[in-house]
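From first to last, the protein sequence lines stand for chains A and B. Read in order, the letters of the first sequence are residues -13 to 390 in our numbering. Read in order, the letters of the second sequence are residues -13 to 390 in our numbering.
Keep in mind that the hints were calculated from the coordinates and are not lab data. Among the clues, some could well be false.
All copies of an identical chain are treated as equivalent in the list; a pair is satisfied when it fits inside any one copy or across any two copies.
[As the list claims (entries may be wrong)] Under the rule of at most 20 Å between Cα atoms (straight-line distance), these lysine to any residue pairs were calculated in the SDA-like manner:
hint	residue 1	residue 2
1	LYS244	GLY274
2	LYS176	TYR355
3	LYS308	GLU352
4	LYS308	GLU107
5	LYS351	ARG135
6	LYS351	ARG179
7	LYS194	LEU88
8	LYS176	TRP224
9	LYS206	ALA111
10	LYS296	ARG320
11	LYS230	GLY372
12	LYS230	LYS296
13	LYS296	VAL1
14	LYS5	GLU48
15	LYS206	ALA339
16	LYS351	ASP159
17	LYS351	HIS71
18	LYS76	SER91
19	LYS194	ASP276
Number of protein chains: 2
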Amino acid sequence: MIIVQKFGGTSVGTVERIKNVARRCLATQRQGHKVAVIVSAMSGETNRLLGLAQQMHVEPDERELDVIASTGEQVSVGLLALAIHAEGGKAVSLLGHQIRVLTDSAFARARIRDVEGQAIEEAFAQNKIAVIAGFQGVDDAGNITTLGRGGSDTSAVAVAAALKADVCEIYTDVDGVYTADPNVVPNARKVDRISYEEMLELASLGAKVLQIRSVEFGMKYAVPIHVRSSFNDNEGTWVVPEEKAMEAVLVSGVTATKDESKITMVGISDATGIHSKVFRPLADAGVGVDTIVQALSAEGRTDLTFTVSKGDSKRARDLLVKHCSDFCPPDHIRTVENLSKVSIVGVGMRSHAGVALKMFEALAKENIYIHLISTSEIKISCVIDGKYSELAVRALHDAFELGS
Amino acid sequence: MIIVQKFGGTSVGTVERIKNVARRCLATQRQGHKVAVIVSAMSGETNRLLGLAQQMHVEPDERELDVIASTGEQVSVGLLALAIHAEGGKAVSLLGHQIRVLTDSAFARARIRDVEGQAIEEAFAQNKIAVIAGFQGVDDAGNITTLGRGGSDTSAVAVAAALKADVCEIYTDVDGVYTADPNVVPNARKVDRISYEEMLELASLGAKVLQIRSVEFGMKYAVPIHVRSSFNDNEGTWVVPEEKAMEAVLVSGVTATKDESKITMVGISDATGIHSKVFRPLADAGVGVDTIVQALSAEGRTDLTFTVSKGDSKRARDLLVKHCSDFCPPDHIRTVENLSKVSIVGVGMRSHAGVALKMFEALAKENIYIHLISTSEIKISCVIDGKYSELAVRALHDAFELGS
Chain A
-13 MIIVQKFGGT SVGTVERIKN VARRCLATQR QGHKVAVIVS AMSGETNRLL
37 GLAQQMHVEP DERELDVIAS TGEQVSVGLL ALAIHAEGGK AVSLLGHQIR
87 VLTDSAFARA RIRDVEGQAI EEAFAQNKIA VIAGFQGVDD AGNITTLGRG
137 GSDTSAVAVA AALKADVCEI YTDVDGVYTA DPNVVPNARK VDRISYEEML
187 ELASLGAKVL QIRSVEFGMK YAVPIHVRSS FNDNEGTWVV PEEKAMEAVL
237 VSGVTATKDE SKITMVGISD ATGIHSKVFR PLADAGVGVD TIVQALSAEG
287 RTDLTFTVSK GDSKRARDLL VKHCSDFCPP DHIRTVENLS KVSIVGVGMR
337 SHAGVALKMF EALAKENIYI HLISTSEIKI SCVIDGKYSE LAVRALHDAF
387 ELGS
Chain B
-13 MIIVQKFGGT SVGTVERIKN VARRCLATQR QGHKVAVIVS AMSGETNRLL
37 GLAQQMHVEP DERELDVIAS TGEQVSVGLL ALAIHAEGGK AVSLLGHQIR
87 VLTDSAFARA RIRDVEGQAI EEAFAQNKIA VIAGFQGVDD AGNITTLGRG
137 GSDTSAVAVA AALKADVCEI YTDVDGVYTA DPNVVPNARK VDRISYEEML
187 ELASLGAKVL QIRSVEFGMK YAVPIHVRSS FNDNEGTWVV PEEKAMEAVL
237 VSGVTATKDE SKITMVGISD ATGIHSKVFR PLADAGVGVD TIVQALSAEG
287 RTDLTFTVSK GDSKRARDLL VKHCSDFCPP DHIRTVENLS KVSIVGVGMR
337 SHAGVALKMF EALAKENIYI HLISTSEIKI SCVIDGKYSE LAVRALHDAF
387 ELGS
């Protein structure tokens, strides 16, 4: 089999841990597999490098930032290759421009266009473990690029796709994906298999196990992703194409984000073009808007509601007062702080009626007021008061019988 | 003009110093020149990286060492480019594989085969300062290579040769090349112009201003090298092709190395093949042999004398006892420790008789015993007792009237 393994910054954070990773890769190779291993920079290193850059320039050029930041992974791959040698194995380090991981030229947030796997195949042909620098690529002009924070997951899945690998193993400090945060729900259960779509909803909702872009990449190229612990040999969670069996499970997981603020513009005109007047100033100022909900009213008036993160709410309100006063006086702009978005995710809900009702009832039973509801095909989210966040997660977890 | 500037690890050792380098490059550019600047890793960084590698493997693979070590310069060029931006200038960093600095595949001690200057020319066309990573190159297969310690001087001269630069400025912590070590000879004089050949002899004899290989490169491609201080704007020393005027100067400089040991094998056979029996075991054990002197005697017996560094002398003797006892009994191997090699260098001595005599007389006048004499076309070296080293340098400096 061709197995791609990815280890994050914590897993290669010290000399001792790098040696552990080396032993793990070698053990896999000795089972008869071809192994490519993707590593991040040693934990703390990327921040140290970016700190140096900040001392040079308050707004550092992103091309140069990438030149500097990419050295973190470069050191990691060299060290891991040496560690594998020390364990008696064969290994060669490969950088983004050596593989080559071709990206666009959007420095600091480049997107992968193509991965040429030839150098990796050559390593395999020589019985070597290919030790690959995550997070980095090269553009058409030969400039070094980086994929943005957490880009190593994406590197790993992209390499796995290029190699048509049998699995892309993402090693992390948890055992896999859980039905809910085990810190909140003690009987949360590890999910054995989950679809890319569900994982995407969970990832974007705050489950920090996998980078969103890596899941998108995995879905596009049907790469089986295995999220598992770097501390043991247990099976983790497989992220795979949707399967018939998954539909039998109504809900795969419950998740929550915190520190959201809700802004409602009450009784504004529902005329065409009003949305651009509201959201253009926010976008220009870099205010990220999450959920947007609007219910049309009968008399040409409507309430427009959306959420922003807590840190942006004051600024968002100021911008709306400044730019929207012609159709929405300041006292019609209502802000509610300290909210939480609680969501249930599952491909099963597509073919089952009554899932939303069950969610609302579970929340009502705990007297939790719902500020906002928003749904997608495989997700239902309710915005509630932040103080009830954990209670809501536990209630939903119980209601959908997710516990072990 | 096209000006290449090289700054070593000390000159880019802190954020503040990098900013100083940025200002210096920009000042040169603002005089209307095209500027390429080569930098080393921040001082201490290369040792930190190699230390990490050593923790992974006692004998680390040199390909991987180069991957790791080359990140030091990569960080420097990114930071310097940012510093130039911060001063309002335009700059772009360029790595060995981007330029491209093509080398052989002798990792950790690669030799430059060719420098493609296109990326630098493009930077010039956009009015940018080209900020180039020293010490590193790339081989035909795309592997990262390094040129060995001090390789940044060589990078600078090679880039200057490729660009047909008007000058390659090597910035250092001294004002230039001196007729002798100013710590030993208070009235030592800065040399204004010196030939590549003289500089080579001085460099190999311990004047630490310029890497030997960079001088060889400069000589091969006739690159004018200007060694000057990074602390002021004074003219330093120009290292240039030999000029007629230089021959008028008998001796350009006096230099000394310390901690040498002399080994004499007394009365051995002068048969063919004897040298290989002596020097093969030393070479295999990594013992560096410096001066070798042999005077043939009449009766088929000869004395073979050579010097090794102090740290190697005991080992060298043990090896000779072990491997050469069939033609040289142990009591015929004589070792003298704590010696110094004092040398005078100058192209002028080629066309002047009596230079050696003058040297011997100057040493005799101070009652300094000469253990060994060795000469080249533009150099005469005498091995003397180490305790007289400074005295000899001063005496020779006076005898050849080198003082200011």
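How the hints compare with the structure:
no.	hint	in the structure
1	LYS244 to GLY274	within (15 Å within a copy, 68 Å between copies)
2	LYS176 to TYR355	neither (29 Å within a copy, 85 Å between copies)
3	LYS308 to GLU352	neither (40 Å within a copy, 91 Å between copies)
4	LYS308 to GLU107	neither (59 Å within a copy, 49 Å between copies)
5	LYS351 to ARG135	neither (40 Å within a copy, 73 Å between copies)
6	LYS351 to ARG179	neither (31 Å within a copy, 92 Å between copies)
7	LYS194 to LEU88	neither (26 Å within a copy, 43 Å between copies)
8	LYS176 to TRP224	within (11 Å within a copy, 72 Å between copies)
9	LYS206 to ALA111	neither (28 Å within a copy, 42 Å between copies)
10	LYS296 to ARG320	within (14 Å within a copy, 83 Å between copies)
11	LYS230 to GLY372	neither (36 Å within a copy, 87 Å between copies)
12	LYS230 to LYS296	neither (40 Å within a copy, 78 Å between copies)
13	LYS296 to VAL1	neither (39 Å within a copy, 36 Å between copies)
14	LYS5 to GLU48	between (33 Å within a copy, 19 Å between copies)
15	LYS206 to ALA339	neither (29 Å within a copy, 83 Å between copies)
16	LYS351 to ASP159	neither (35 Å within a copy, 77 Å between copies)
17	LYS351 to HIS71	neither (60 Å within a copy, 60 Å between copies)
18	LYS76 to SER91	between (34 Å within a copy, 19 Å between copies)
19	LYS194 to ASP276	within (18 Å within a copy, 62 Å between copies)
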